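K.L.:
Next come the chains, spelled out residue by residue.
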Amino acid sequence: MAALSFLDREHTVASPGYSRWLIPPAALAIHLCIGQAYATSVYKNALVEHFDTSLTAVGIVFSIAIVMLGVSAAIMGTWVERVGPRAAMFTAACFWAAGFLIGALGIATGQLWLVYLGYGFIGGIGLGIGYISPVSTLIKWFPDRPGLATGMAIMGFGGGALVASPLSRQLMSFYDPAYDSSVASSVASGDAVAKLFLTLGIGYFLVMMLGVFNVKVPPPGWRPAGFDPTKLKAKPLVTTANVSAANAIRTPQFWLLWTALFCNVTAGIGILEQASPMIQDFFREGGTSSVATTAATAFVGLLSIFNMAGRFAWSSTSDFLGRKPTYVMYLGVGMVLYFLLAVAGHTSTAVFVLLAAVIISFYGGGFATVPAYLRDLFGTYQVGAIHGRLLTAWSAAGIAGPLIINGFLDARGEPGELVAADYRPALFTMIGVLAVGFVANLLVRPVATRFHESADTTDAFAEAGRK
Amino acid sequence: MTEPSAPAGRPNQSVRLVVSWLIVGIPLVYALYQTIKSILPLFGG
Numbered sequence: 001m002a003a004l005s006f007l008d009r010e011h012t013v014a015s016p017g018y019s020r021w022l023i024p025p026a027a028l029a030i031h032l033c034i035g036q037a038y039a040t041s042v043y044k045n046a047l048v049e050h051f052d053t054s055l056t057a058v059g060i061v062f063s064i065a066i067v068m069l070g071v072s073a074a075i076m077g078t079w080v081e082r083v084g085p086r087a088a089m090f091t092a093a094c095f096w097a098a099g100f101l102i103g104a105l106g107i108a109t110g111q112l113w114l115v116y117l118g119y120g121f122i123g124g125i126g127l128g129i130g131y132i133s134p135v136s137t138l139i140k141w142f143p144d145r146p147g148l149a150t151g152m153a154i155m156g157f158g159g160g161a162l163v164a165s166p167l168s169r170q171l172m173s174f175y176d177p178a179y180d181s182s183v184a185s186s187v188a189s190g191d192a193v194a195k196l197f198l199t200l201g202i203g204y205f206l207v208m209m210l211g212v213f214n215v216k217v218p219p220p221g222w223r224p225a226g227f228d229p230t231k232l233k234a235k236p237l238v239t240t241a242n243v244s245a246a247n248a249i250r251t252p253q254f255w256l257l258w259t260a261l262f263c264n265v266t267a268g269i270g271i272l273e274q275a276s277p278m279i280q281d282f283f284r285e286g287g288t289s290s291v292a293t294t295a296a297t298a299f300v301g302l303l304s305i306f307n308m309a310g311r312f313a314w315s316s317t318s319d320f321l322g323r324k325p326t327y328v329m330y331l332g333v334g335m336v337l338y339f340l341l342a343v344a345g346h347t348s349t350a351v352f353v354l355l356a357a358v359i360i361s362f363y364g365g366g367f368a369t370v371p372a373y374l375r376d377l378f379g380t381y382q383v384g385a386i387h388g389r390l391l392t393a394w395s396a397a398g399i400a401g402p403l404i405i406n407g408f409l410d411a412r413g414e415p416g417e418l419v420a421a422d423y424r425p426a427l428f429t430m431i432g433v434l435a436v437g438f439v440a441n442l443l444v445r446p447v448a449t450r451f452h453e454s455a456d457t458t459d460a461f462a463e464a465g466r467k
Numbered sequence: 001m002t003e004p005s006a007p008a009g010r011p012n013q014s015v016r017l018v019v020s021w022l023i024v025g026i027p028l029v030y031a032l033y034q035t036i037k038s039i040l041p042l043f044g045g
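Here the protein sequences come in this chain order: A and B. Residues in the first sequence are numbered consecutively from 1, following our numbering. Residues in the second sequence are numbered consecutively from 1, following our numbering.
Hint data in this document are derived by calculation from the structure and do not stem from the laboratory. These numbers come from a predicted model, not from an experiment. You may find that some hints are simply not true.
Straight-line C-alpha distance at most 30 Å; calculated DSS-like pairs for lysine-lysine [what the hints assert, rightly or not]:
#, chain 1, residue 1, chain 2, residue 2
1, A, 235, A, 44
2, A, 235, A, 324
3, B, 37, A, 235
4, B, 37, A, 324
Label pairs and their in silico Cβ distance ranges [to be verified]:
#, chain 1, residue 1, chain 2, residue 2, range
5, A, 183, B, 14, 44 to 54 Å
6, A, 406, B, 14, 45 to 55 Å
7, A, 403, B, 14, 45 to 55 Å
8, A, 16, B, 22, 43 to 53 Å
9, A, 415, B, 14, 53 to 63 Å
10, A, 454, B, 33, 45 to 55 Å
11, A, 421, B, 37, 40 to 50 Å
12, A, 59, B, 22, 34 to 44 Å
13, B, 25, A, 402, 51 to 61 Å
14, B, 37, A, 344, 44 to 54 Å
15, A, 41, B, 19, 30 to 40 Å
16, A, 111, B, 12, 42 to 52 Å
17, A, 329, B, 25, 27 to 37 Å
18, B, 37, A, 59, 23 to 33 Å
Backbone N, C-alpha and C define an ideal beta-carbon position, used for all residues, glycine too.
All chains, full assembly: derive it from the sequences and hints.
P.N.:
See the structure below:
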């Protein structure tokens with residue numbers, strides 16, 4: 001279609017002088033919007049009441065979305081590389097917005113299955129494509145600072161939930177004056193949530209269009225002023241060769257990194273999932289916790305900030321430390337922090353909060369550093385598609401993390417009666433999980449040359465982008 | 001090909017850069033403000 005020809009890859013090649021600093025806000029525009037996926041708890045109770053159903057039934061909406069994120073990122077990664085970032089971002093915006101609009105229709109008509117189909121299935125595809133769409137382009141624009149570049153974008157995903165939570169509360173209060181977000185028992189009407197979905201769908205589409213119009217790929221052979229690629233070659237584990245996505249998954253390096261990411265995310269999700277009751281349980285004596293519910297909710301907000309900050313700070317630091325040492329820190333220091341949390345976390349709230357905050361910053365950092373780690377190992381050729389396949393580790397960890405922590409806690413007692421000691425078996429298990437990831441990361445070596453693409457293949461790919 | 005990527009490379013890019021960063025920066029600042037406001041009870045505020 002001629003009207004959509006601006007999406008074609010050949011129309012996205014930057015002309016001389018195009019500022020590469022327009023690319024991070026383009027990426028942020030996408031990630032800030034799709035990061036809303038982690039703010040679904042804001043309207044969960046309202047949906048339960050509106051559909052007169054269980055928390056589990058409503059929770060399925062989120063589960064479908066996250067599963068579709070992993071599936072679509074893995075399956076569509078090569079397509080995203082082929083069509084380029086602009087078409088991918090536009091597709092993500094259409095799916096993400098359509099998900100909200102169909103979800104709104106489902107809420108307005110009392111059809112929960114439409115919310116599953118809309119927000120969960122269709123929106124989830126938008127999540128997956130949107131998540132990987134800017135990664136490869138950022139790495140190509142910032143060959144000198146790939147960790148900084150991907151850190152900025154993936155920080156946006158963490159920031160998206162921070163933006164969506166208060167925004168959704170304020171919008172629901174606006175659409176339903178009887179709803180008071182400061183009162184825990186207050187629940188917004190279904191009509192207000194439907195209007196919220198409608199507003200978010202339109203708003204997110206417009207913001208994501210900023211990304212669509214700003215994103216461009218650098219011309220083949222472009223490099224930033226003063227950047228010397230030969231210096232990259234001198235760094236251990238950083239390749240100037242290229243590996244295709246199909247070949248990457250045949251290498252031990254891919255699966256070692258998959259394991260390292262899986263372990264880091266599993267451990268982090270264990271804490272994130274349980275954050276609010278956990279801080280209350282750690283300071284419970286004689287059946288009463290010294291940490292109030294409002295403070296526990298505040299603790300979750302604090303973790304969100306560290307999750308977001310860790311993505312930017314640690315990923316940027318990895319440009320200087322190196323990717324492998326940075327993962328040694330996430331997993332190695334992480335083990336020490338989990339041990340301290342288990343044995344000394346109950347001594348004071350300051351110690352508990354500090355330990356948990358650093359652990360969550362490592363969790364976020366792991367997500368943001370991994371695209372640059374992939375680029376170091378496999379080159380830039382199909383790094384976005386390889387990243388998409390690696391995100392299946394996230395989906396798997398999303399199942400394993402809560403299973404581990406909830407399994408142990410269920411065996412120790414009833415919610416609301418647990419104490420710090422009840423968390424120790426789960427926390428020591430997480431140390432074991434981190435140890436597995438630590439070893440996997442240590443085993444990462446440069447990719448064997450037999451997996452490298454010939455220069456002809458990658459040149460043809462670059463040439464196709466220029467046409 | 002080595003290209004300077006400074007914003008001054010094109011005159012109209014400075015405006016585009018400022019607007020683009022504001023569109024993503026303002027929601028982030030709003031979110032941080034709202035979250036910090038909500039975590040004050042943790043520190044007895």
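K.L.:
All the hints need checking, so say for each whether the structure fits it.
P.N.:
Right, here's what the structure says about each hint:
1. Distance check on the hinted pair: residue 235 of chain A and residue 44 of chain A sit about 48 Å apart at the alpha-carbon level, beyond 30 Å; violated.
2. The hinted pair formed by residue 235 of chain A and residue 324 of chain A meets the criterion: a straight-line CA distance of about 12 Å does not exceed 30 Å.
3. Between residue 37 of chain B and residue 235 of chain A, the direct Cα distance comes to roughly 44 Å. Violation of the 30 Å bound is thereby established for this hinted pair.
4. For a cut-off of 30 Å, the pair hint linking residue 37 of chain B to residue 324 of chain A is broken: about 37 Å separates their Cα positions.
5. For residue 183 of chain A and residue 14 of chain B, the Cβ-Cβ distance of about 46 Å falls inside the hinted range of 44 to 54 Å, so the restraint holds.
6. Roughly 52 Å separates the CB atoms of residue 406 of chain A and residue 14 of chain B, a value that falls within the hinted 45 to 55 Å.
7. With their beta carbons about 51 Å apart, residue 403 of chain A and residue 14 of chain B fall inside the hinted range of 45 to 55 Å.
8. Look at residue 16 of chain A against residue 22 of chain B: about 26 Å separates their beta carbons, and that is not inside 43 to 53 Å.
9. Restraint check, residue 415 of chain A to residue 14 of chain B: a C-beta distance of roughly 55 Å satisfies the suggested window 53 to 63 Å.
10. In this structure the hint that residue 454 of chain A and residue 33 of chain B lie 45 to 55 Å apart at CB holds, the actual value being about 52 Å.
11. At roughly 34 Å, the beta-carbon separation of residue 421 of chain A and residue 37 of chain B lies outside the given 40 to 50 Å, and the hint is violated.
12. The hint said 34 to 44 Å for the Cβ distance between residue 59 of chain A and residue 22 of chain B, and at roughly 36 Å that hint holds.
13. Distance hint for residue 25 of chain B and residue 402 of chain A: a CB-CB separation of about 33 Å, inconsistent with the stated range 51 to 61 Å.
14. Checked against the hint of 44 to 54 Å, the pair residue 37 of chain B and residue 344 of chain A fails, with Cβ atoms roughly 30 Å apart.
15. Residue 41 of chain A and residue 19 of chain B have their C-beta atoms about 33 Å apart, which keeps the hinted 30 to 40 Å range intact.
16. Hint check: residue 111 of chain A to residue 12 of chain B, Cβ distance near 48 Å, so the stated range 42 to 52 Å holds.
17. Residue 329 of chain A and residue 25 of chain B have their C-beta atoms about 29 Å apart, which keeps the hinted 27 to 37 Å range intact.
18. For residue 37 of chain B and residue 59 of chain A, the Cβ-Cβ distance of about 28 Å falls inside the hinted range of 23 to 33 Å, so the restraint holds.
Going down the numbered hints, you'll see the structure goes against 1, 3, 4, 8, 11, 13, 14, while the others check out.
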